[in-house]
Amino acid sequence: MDFKSSDAVVGPRSEDILPSSVSTAVKVVIVGGFGVGKTTLVGSVSEIRPLTTEETMTQAGVGVDDNTGVERKSETTVAMDFGRISINDELVLYLFGTPGQQRFWFLWNGLFEGALGAVVLVDTRRLEVSFDVIGRLEERGVPFVVAINTFAGAPGYPVEELRAALDLPDNVPIVDCDARKRDSSRDVLMALMRYLYSLAVKTEAS
Amino acid sequence: MSEGDHEPGVDENEYDPGRMYVVTGGRTGTGKAALDLVTLIVATSEPQPTIQPEAAGILRLCESPLSVAEISAYTDLPISLVMVILADLLKDEHVEARAPVPKALLPERALIEAVMHGLQKL
Ligand SMILES: Nc1nc2c(ncn2[C@@H]2O[C@H](COP(=O)(O)OP(=O)(O)OP(=O)(O)O)[C@@H](O)[C@H]2O)c(=O)[nH]1
Ligand SMILES: [Mg+2]
Chain X
1 MDFKSSDAVV
11 GPRSEDILPS
21 SVSTAVKVVI
31 VGGFGVGKTT
41 LVGSVSEIRP
51 LTTEETMTQA
61 GVGVDDNTGV
71 ERKSETTVAM
81 DFGRISINDE
91 LVLYLFGTPG
101 QQRFWFLWNG
111 LFEGALGAVV
121 LVDTRRLEVS
131 FDVIGRLEER
141 GVPFVVAINT
151 FAGAPGYPVE
161 ELRAALDLPD
171 NVPIVDCDAR
181 KRDSSRDVLM
191 ALMRYLYSLA
201 VKTEAS
Chain W
207 MSEGDHEPGV
217 DENEYDPGRM
227 YVVTGGRTGT
237 GKAALDLVTL
247 IVATSEPQPT
257 IQPEAAGILR
267 LCESPLSVAE
277 ISAYTDLPIS
287 LVMVILADLL
297 KDEHVEARAP
307 VPKALLPERA
317 LIEAVMHGLQ
327 KL
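Top to bottom, those sequences are chains X and W. Under this note's numbering, residues 1 to 206 are what the first sequence spells out, in order. Under this note's numbering, residues 207 to 328 are what the second sequence spells out, in order.
If you're looking for bench data, these hints aren't it; they were derived computationally from the structure. Every value quoted in this text rests on a predicted model; they were computed, and no experiment measured them. Keep in mind that the hints are not guaranteed to be accurate.
One side only, chain W facing chain X, incomplete, derived with CB under 10 Å [claimed, not checked]:
{"#": "1", "residue": "264"}
{"#": "2", "residue": "270"}
{"#": "3", "residue": "289"}
{"#": "4", "residue": "296"}
A few chain W residues that don't get close to chain X, going by computed Cβ distances all over 12 Å [as the list claims (entries may be wrong)]:
{"#": "5", "residue": "251"}
{"#": "6", "residue": "294"}
{"#": "7", "residue": "297"}
We treat Cβ as the ideally placed atom computed from N, Cα and C, and that holds for glycine.
Excised from the complex, chain X in its bound form (with noise of 0.2 Å):
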C-alpha cells in the first residue's frame, strides 16, 4: 500500500475537531471474544465517527521454511476501533476495542499502560474468551467490570451462576447490556466509573 501524501490526509470532521482548551485525556479498554460487540459499544456511545487503528504484529512462522532453514515471520496487521467522549471542556475519554484472545495481547501493553479501567464484554454463549481475558486483568491489576450482552438465543444465567463460572470476587460488578443501545452501553460506563470511585474511596481510607 501507498502511504497517504499528506494532502490526502482527511482530518476530523469540523463536529469532531476538539477545542484547544482540552488539556488531559483517559482511557477506557473494551475487551471481549470476535462478534461480542466491543464496536458497537464503542460506537453507540461514542461522540465521534468510530475510528480504527492499526498496529502490526509480527509473528514467528510455524515451523521452518525448507528452503532456507529460516524460521518464517508473517507480519499481520490487527485493528483496534475506538472513539470519544467529552467530558467537559478540559477533559476527554478515549475507548478503545480490542480482540480477548491471547494471540492480540501484545497490543495490551500500550493499551491498558495508564487507562482508568477496562470493560469485559461476555457472550453467553462463549465463556472461554472471559476467562482468559479476566484473569490477565487480574494479573496486570486493571480494574474492570463484567458486562453480559444478551444475544438471541444465548443462554441466561443467574448472576450469582456467572461469577461463579467466571469465578469473580463479590466486589466486581456485573451487569446486563445491549451495546446497540446507547443509554445501555452509558450505563455500562458507569458501573465501571462508580465501581472505580468505590476503589478509590478504599484506597484513601487505607
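Knowing the structure of chain X, use the given hints to seat chain W with the ligands on it.
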C-alpha cells in the same frame, strides 16, 4: 470458513515496510518521549517544506488537539510509526504533547467524578 470463524480485526492493507524504514531510519523506539495512545498532540508550528510528508501531514492534522490514536487513524499509519515521527516532532519542538494523567495519580476521586458527570449528560 464458517461464520464466527472470521477475524475481522486482521487487515491485509499494511503500510509498506520499505517506506516505514525510510521514515524511521530503522528506529523502533520513541526515546525519552513517553507517548500514549491518548496523549494529546498540538502543533506549534507550520510544516516546513523540507519536512517528510508524513510529518507534514501530522502537523496539519494537529492544529487543534488530537490524540496519538486519532492521528494514526486519520493518517492510516501504524501507531508505532506515528509515535516515532511524533518523538522527532517533539524533539524539534514542532508539536506540544499534553500527556495523559500519570498512573501514580490514579485512581483519583475528582477525576472519576468528573467522568461520571460527563457520562450523565450523554
Ligand atoms: N442482540 C444483540 N446483538 C448485538 C449486541 N451487541 C452487538 N450485537 C450484534 O453482534 C454483532 C457483532 O457486533 P460487533 O460490535 O461487530 O462485535 P465485535 O466485538 O466488535 O466483533 P469483532 O470486532 O468482529 O470481534 C453485530 O451484528 C451487532 O449488531 C447486543 O448487545 N445485543
Ligand atoms: Mg469489532
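Now the hints, each set against the structure:
Proximity of residue 264/W to chain X holds as hinted, the smallest CB-CB distance being about 8 Å (cut-off 10 Å). Annotation: residue 270/W was flagged as interfacial toward chain X, and the flag holds, the nearest CB pair being 5 Å apart, inside 10 Å. Hint status for residue 289/W: holds, given a least beta-carbon distance of 9 Å to chain X, under 10 Å. Checking residue 296/W against chain X: minimum C-beta separation of about 16 Å lies over 10 Å; hint violated.
Every beta carbon of chain X lies more than 12 Å from that of residue 251/W, the smallest distance being close to 15 Å; the non-interface claim holds. With 12 Å as the threshold on Cβ separation, the claim that residue 294/W sits away from chain X holds: the shortest Cβ distance comes to roughly 15 Å. Against the 12 Å criterion, residue 297/W stays outside the reach of chain X, whose nearest CB is about 20 Å from its own CB.
Checked against the numbered hints listed earlier, the structure breaks hint 4 alone; every other hint is satisfied.
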